[in-house]
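Using the sequences and the hints, build the whole thing.
Using our numbering, read the sequence shown as starting at 1 and increasing by one per residue.
Careful: at least some of the hints might be erroneous.
What the hints assert, rightly or not - If you anchor each label on the Cβ, the simulated ranges turn out as follows:
hint, residue 1, residue 2, range
1, E45, L11, 55 to 61 Å
2, A12, T58, 53 to 59 Å
3, V9, G53, 40 to 46 Å
4, I49, L11, 33 to 39 Å
5, L6, F60, 55 to 61 Å
6, L8, G28, 47 to 53 Å
7, V9, T52, 41 to 47 Å
8, F60, G28, 52 to 58 Å
9, R3, A57, 54 to 60 Å
It is worth saying that the hints were derived from the structure and are not from the lab.
All C-beta atoms, glycine included, are put in the ideal place defined by N, C-alpha and C.
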Amino acid sequence: MRRLILSLVTLAALLAPQPAFAGQPPVGVVTNFGPNLAAVCHMPEGIAIDPTGNLYATSFAFAPV
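What follows is the structure, given as structure tokens:
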């Protein structure tokens, strides 16, 4: 019985969630997103970064024509 309890305690310790140690994000220069994102993309609703590090912003707020 003692062996079973010891096995269960060991299993519980191994399966306990471990904290994720993330690396520090790369430090760089923050720049504008190109010509003038504020004039083209009012209030961005979707922001994504692809695996190569490119940033994409989308908006449904269309400017009047």
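Hints, one by one, checked against the model:
1. For the pair E45 and L11, the beta carbons lie near 45 Å from each other, so the given range of 55 to 61 Å is not met.
2. Hint check: A12 to T58, Cβ distance near 45 Å, so the stated range 53 to 59 Å is violated.
3. About 44 Å separates the C-beta atoms of V9 and G53, a value consistent with the hinted range of 40 to 46 Å.
4. Taking 33 to 39 Å as the suggested C-beta distance range, the pair I49 and L11 conforms, at roughly 38 Å.
5. At about 59 Å, the beta-carbon gap between L6 and F60 stays in the expected band of 55 to 61 Å.
6. Take L8 and G28: their Cβ atoms lie about 48 Å apart, and the range 47 to 53 Å holds.
7. The hint said 41 to 47 Å for the Cβ distance between V9 and T52, and at roughly 45 Å that hint holds.
8. Distance hint check for F60 and G28: the Cβ-Cβ separation is about 29 Å, which falls outside the suggested range of 52 to 58 Å.
9. A C-beta distance of roughly 59 Å is found between R3 and A57, which places it inside the suggested range of 54 to 60 Å.
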